[in-house]
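A.B. asks: These are the residues of each chain, in order.
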Amino acid sequence: MLRLNRLFTLILIAFSSAFSGCDMDKEIDLNLPEFESQITVECYLEPGKPYRATITESTSYFGRPEPILVPDATVIITHNGKADTLLFKPGYDSDVRKIYTHFSETVVTGNPGDAYSLEVFDSRGRRVTGFTRFMPTVPLDSVEWSMNDERSISLLAKFTDNGSQEDFYRFTVHQDSLSDQKRTHDFYSNDRLYNGQKYAFGTSYRFSPDDTVFVTLYHLEPQYYVFLNTMDDAQDANGNPFAQPIALKSTVQGGIGVFATLSFDRKRVILK
Amino acid sequence: MVFKRLQFYFCGLVLLLVWSAAPAQTQYTVSGTLRDASTREPLIGATAMIAALNKGATTDLQGNYAFSVPEGSYTIQFSYLGYQTISREIAVTKDLELQIALSASENQLQEVVIEAGNLNEKLRTTQMSVENLTTREAKLLPALFGEVDLIKVLQLKPGVQSGGEGTSGLYVRGGGADQNLFLVDGATVYNASHLFGFFSIFNPDAVHSVDLYKGGFPAQYGGRLSSVVDINMREGNKQHYVTSGGIGLIASRVTVEGPIQKNRSSFLLSGRRTYFDVFTRKYNDINEGKKDFDPIPDYYFYDFNGKASFEIGEKDKLFFTGYFGNDVFGFQSPSGFNFDFKWGNKVGALRWNHQFSPKFFTNTTVSVSDYQYNITNKVANRSFNLGSSIRDYSFRSDSDLLLDSAHTLKFGASATHHNFGVGRLSGGTSDGTVAFNSEVAHTGTEFGVYISDDFNVNSRLALNYGVRLSGFAKDTSVFFGLEPRFSARYNLTESLSLKGSYTRMVQYVHLVTNSGASLPTDVWYPSNNIVKPQLSNQVAVGVTKLFGQGRFLFSNEVYYKWMNRQIDFRDGAQLFVNPNLDQEFIFGKGYSYGSEFYFEKKTGKTTGWLGYTLSWTNRKFPDINQGKIFPTRFDRRHDVTFVVLHQLNKRLNLTGSWVYGTGSSYSVPLGKTVFQDIAYANVQYVPLYPQERNNYRMVAYHRLDLGMVYKLKPKRGESDLTFSIYNVYNRKNPYFIYIDAIENGDETKILGFRAKQVSLFPVIPAVTYNFKF
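Just so you know, the protein sequences line up as chains A and B, in that order. The numbering of the first sequence is full-length UniProt numbering, which starts it at 1 and goes up by one. The numbering of the second sequence is full-length UniProt numbering, which starts it at 1 and goes up by one.
Source of the hints: derived by calculation from the structure; they are not laboratory data. The beta-carbon is built from N, C-alpha and C at its ideal position, and this holds for glycine as well. Among the hints, erroneous ones may be present.
What the hints assert, rightly or not - In silico contact screen, one side only, chain A against chain B (beta carbon under 10 Å); selected entries:
#	residue
1	28
2	88
3	96
4	194
Claimed, not checked - Between beta-carbon pairs, the in silico distance windows are:
#	chain 1	residue 1	chain 2	residue 2	range
5	B	286	A	49	45 to 55 Å
6	A	146	B	352	54 to 64 Å
7	B	682	A	79	22 to 32 Å
8	B	334	A	94	31 to 41 Å
9	B	478	A	80	49 to 59 Å
What the hints assert, rightly or not - Stretch-level coverage of chain B by chain A, calculated; a stretch enters the list once three of its residues show a Cβ under 8 Å from a Cβ in chain A:
#	stretch
10	377 to 387
11	669 to 676
12	729 to 736
13	739 to 751
14	758 to 771
Working from the sequences, and respecting the hints, build out all of it.
C.D. replies: Rendered as structure tokens:
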């Protein structure tokens, strides 16, 4: 929730830079030991969308930056006893600006409680499994906005948490379109502080009159929330002297990655 | 079980006392007080010594000394660092009381004149693994930004490491940053630094001296595993009103002191503030409105120290000590994001010193210590407030009883009631439709009783043995700890002694941090049935040799420390305002061992020391590194410090220090993987860390600092200019390393990755003007 360690690092660097007036970074040789690659799975199930997965391999840090595909990987998603084998057919979806390696025609129904399992294996004997279940959608009660003296607009999206269980949320705001380059806010949170209460995610005064914004509230499974947090922590540990190294906690077993459902409510608002 | 062991230790103690209390020649007590002749302030840690008997004592917090000698005529010598030594011929035919005032050396640069008596005391005492420092010494050494810092000077001693470039954190003999007990006139201080450790909170103008115990802990200390930093504040001038201070590169300070009642009571008030924010605000004003200009956040710190001392009668003294300080960080963005972050300590202590007789005196202290941080964040029409605190109410009583010529007993008791505000978060919207509030708080009471005996068996052998029974109660859980303390000194010759010690320490409060450092947002947490008390055992043996007619001292200590129930946190731990914080801890063991060599010269125009430490510091946790042993981030195989002070003439003093340390161990990721994330989100490269913790060793750290103190000749009072150059040869020492993406020109494509090393401070010259009138 709070990344104060990052703040401390920024303060320190700013403090030292103010006195040094020079660049205190320098490139160094880092001889890393051999790295054993693993299958990386990324598969999100979204209601109304077909099964799609991206299967790659993790690589040495100084290896090539492009993801390495695993053409011989077999990907099977099972729902209600029906197993679908996804075909290896790498392609780029320009709508969502994502690359997928494996496809199926089967469309996700996405009813709350629907369960899905995943199995990925390749010719080297590597096998990754995962399990996910659709969460009920948590509706956005309202999206409100206010304007300051400089005619800048701040958003406030309110929703009501279910007090009978522990819940996890992700909140995103996109401006103008849902393109990833138009994303302005992305937070995750658990309901520990507001269990069963009305809660609000908001933004600073960063929008202008007539802007169109897309506000999305995802209701996450616990393991997906943990995955997102450890992913942030792992990134944070690289370049933060105050952070401990964090192992990414995948939602899948036998490899790295995430197999998760996306239950969300989205509102499109024109700021008049 | 605990009580049976306690009985065993006390029986042993009594037997030793009985065995050794056989009557011999009639003994008389030589006692008194040592004071500064000019200010009448007591001299703490000064030496009264009869060399012919190899007997003496060091003064306590009130400048008192007492020891027993047989009837006869002797020469007694009184000495103290920076003061002229006084010798007196005495005829002991009855108990003798000698009130002595020592004068500072007549040299303008009196600070460097140190008499050999101090080195003799290091040879004579059973106490080992201790470093003593006075503000006078510290003020001569070069300092980062010219800000004199006693804790950083302690880092120049063997066995003590800093938390990183320029920081004042202490890592003592493999202990963590949370395993140091900081005491200011007997009151605990929880976060002893400003700006994440760059400056300690102790204003040198208000501090008299600092003792750092690395091992061989006296029985009166407890509650932390690895070190005790005992800071004694100045009482203030009892004869004259004096104003002193300094104007430096980033901060200024002023101290006012004087008599309340001449020679009997005094006060001291001292304040300090940085003014970095004054410049950044100006800079922000100048650049306001410019495109792409990001304003620099406000940051400053301030602190105030105060002390008042009163002599109520012949046998009673009263002391009040207060400290108050804060760090303040603030940021306001044009988009309506307001962030205020404030953290600081408040400490108050009232001590009553009562002398029942020249042989028996007691210090009774009640104190309050409070540390808290508070973050207020306002974004448009909503806000949240996050904070944490710890507040202690403490009582302690410490007595010294000179039984006879062979035995000095110390005994006492202490109790501290802790209030842990582990986390507090509240927030909501301005229209009131959203409001949330959460708080995690605990209380606990820590207590201890102790007794120890300083036993001079004969002219060669001296023992110090004792035991401390400590405990902690929280709700229905009660923990006890039996902490035996033992140290011995054996004089092989008049100038060569062997020493050994064994100590056990128990720590009942724990710092919740996964940063590896001590940060303002770290919170303290009590022991309970899941988070059990931490425990350490340490053995040390050493040799101390004086040579060159007492002008040089050489010592070597070898230590081994093993620690149980060390704490860390599971990956992804939620440490903020978590009511189930117990579930986030993981537990393991720690091991540290090494050898510390120390060579010191304290007399003459050129003084200084050379220290070398060879050490290993490891941890073993079932849940980290696949259960295998791993080095801590502050494991440093070789550590060298070289400090030289040279008095060029009466007005000019030159100093230099050079430090070298094996590079810190650090965790670097070996691999990476790519996640595209959900639709409409960014592609992310995620570093993959190996199971092996701290798998990479950074390059060695070394740095040379130079300093110069030039005494001016003002018409009134005293003044000097202190010049310092930090990191003279501009070494880019590693602070941390990271792996960075190499992007194409328009930053649309990642071409590869490279490793980068970040350093903090290049060569930094500084000048400070100090005055006193």
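A.B. asks: Please go over all the hints and tell whether each is borne out by the structure.
C.D. replies: For each hint, the structure was consulted:
no.: 1; hint: 28; in the structure: 5 Å, holds
no.: 2; hint: 88; in the structure: 17 Å, violated
no.: 3; hint: 96; in the structure: 4 Å, holds
no.: 4; hint: 194; in the structure: 4 Å, holds
no.: 5; hint: B/286 to A/49: 45 to 55 Å; in the structure: 53 Å, holds
no.: 6; hint: A/146 to B/352: 54 to 64 Å; in the structure: 59 Å, holds
no.: 7; hint: B/682 to A/79: 22 to 32 Å; in the structure: 29 Å, holds
no.: 8; hint: B/334 to A/94: 31 to 41 Å; in the structure: 35 Å, holds
no.: 9; hint: B/478 to A/80: 49 to 59 Å; in the structure: 56 Å, holds
no.: 10; hint: 377 to 387; in the structure: holds (count 5)
no.: 11; hint: 669 to 676; in the structure: holds (count 8)
no.: 12; hint: 729 to 736; in the structure: holds (count 3)
no.: 13; hint: 739 to 751; in the structure: holds (count 5)
no.: 14; hint: 758 to 771; in the structure: holds (count 6)
Of the numbered hints given earlier, the model fails hint 2 alone.
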